[in-house]
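Trainee: Sequence:
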Amino acid sequence: MTDERATERATERALAERGKAVDAALLSIEKQFGRGAIMKLGSSERQAVDSIPTGSIALDLALGVGGIPRGRITEIFGPESSGKTTVCQHVLAEAQQRGGVVAFIDVEHALDPGYARACGVNVDELLVSQPDTGEQALEITETLIRSGGIDCVVVDSVAALVPRAEIEGEMGDSFVGIQARLMSQALRKLTGAVSRSNTALVFTNQLREKIGVMFGNPETTPGGRALKFYASVRLDIRRVETIKTGT
244 MTDERATERA TERALAERGK AVDAALLSIE KQFGRGAIMK LGSSERQAVD
294 SIPTGSIALD LALGVGGIPR GRITEIFGPE SSGKTTVCQH VLAEAQQRGG
344 VVAFIDVEHA LDPGYARACG VNVDELLVSQ PDTGEQALEI TETLIRSGGI
394 DCVVVDSVAA LVPRAEIEGE MGDSFVGIQA RLMSQALRKL TGAVSRSNTA
444 LVFTNQLREK IGVMFGNPET TPGGRALKFY ASVRLDIRRV ETIKTGT
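Numbering (my numbering), first residue to last: 244 to 490.
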């Protein structure tokens, strides 16, 4: 019995020492990086994810949080004319109706102010940028997000984010993986800023076909794998049918 008690006391002392060591480490981390840098998950109540409605009740319910989540990255991809930009413009309109400031990075240089207005966007207050290169588009996006005053930023589209080296090169030059590298670097920088600023960052993307795929889905999205990993939500938008009136 004496040996068992001695063992129990030794174990208790070891656990107490480990607890003190962990507490000291936590204090050191908070002192260096600020309060809230690390915490126990159960030490505070869970907070609901803030979101911006999409304008579609069914889609908001399917997303589970009531819309496009804020403080997160969202990718909306699909074939041509499937409604990707339309969904984004409805999100921008909903954010504006709630008093938010929104921005549209028109990488494709195809924004139609009339259609945006028809979707409910206040085009007079909409911040619009039509960058010349992919680097410029992502730097503008980062600056807007880090300002802390933007509620939603839409980048339309990833496929049109052409790196500067490719623009300055000759037709036919090979630039393997350069766009994927650009996206990977940008997303590493943007993810933390998006979370801190509680901005909803939305990327639209196109579809491409994988070469030589005999079985399985041959569809893929350009821009590398980084966006797939960093995006909290990925929406695959498809056109089901065309609604015609008077026929």
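There's no promise every hint is true.
[Stated by the list, open to error] Quick list of simulated restraints, FRET-style, between CB atoms: (1) Lys432 x Met282: 17 to 27 Å; (2) Phe276 x Gly392: 23 to 33 Å; (3) Glu462 x Ile300: 23 to 33 Å; (4) Glu323 x Thr386: 23 to 33 Å; (5) Ala257 x Leu302: 21 to 31 Å; (6) Val265 x Glu484: 56 to 66 Å.
These aren't lab readings, by the way, just hints derived from the structure by calculation. The beta-carbon is built from N, C-alpha and C at its ideal position, and this holds for glycine as well.
Trainee: Taking the CB of Glu323 and the CB of Thr386, does the distance hold inside 23 to 33 Å?
Mentor: Once the Cβ atoms are compared, 30 Å apart, the range 23 to 33 Å for Thr386 and Glu323 holds.
Trainee: Is it true that Val265 and Glu484 lie within 56 to 66 Å of each other by Cβ?
Mentor: 59 Å, holds
Trainee: Given the range 17 to 27 Å, decide if the beta-carbon distance of Lys432 to Met282 lies inside it.
Mentor: 25 Å Cβ-Cβ, so the 17 to 27 Å window holds.
Trainee: For the range 23 to 33 Å, tell me whether the beta carbons of Glu462 and Ile300 fit it or not.
Mentor: About 28 Å separates the Cβ atoms of Glu462 and Ile300, which means 23 to 33 Å holds.
Trainee: Within 21 to 31 Å or not, the Cβ separation of Ala257 and Leu302?
Mentor: Given a distance of about 54 Å, which is not inside 21 to 31 Å, the answer is violated.
Trainee: Could one say that the CB atoms of Phe276 and Gly392 fall in the range 23 to 33 Å?
Mentor: 24 Å, holds
Of the numbered hints listed earlier, the single one contradicted by the structure is hint 5.
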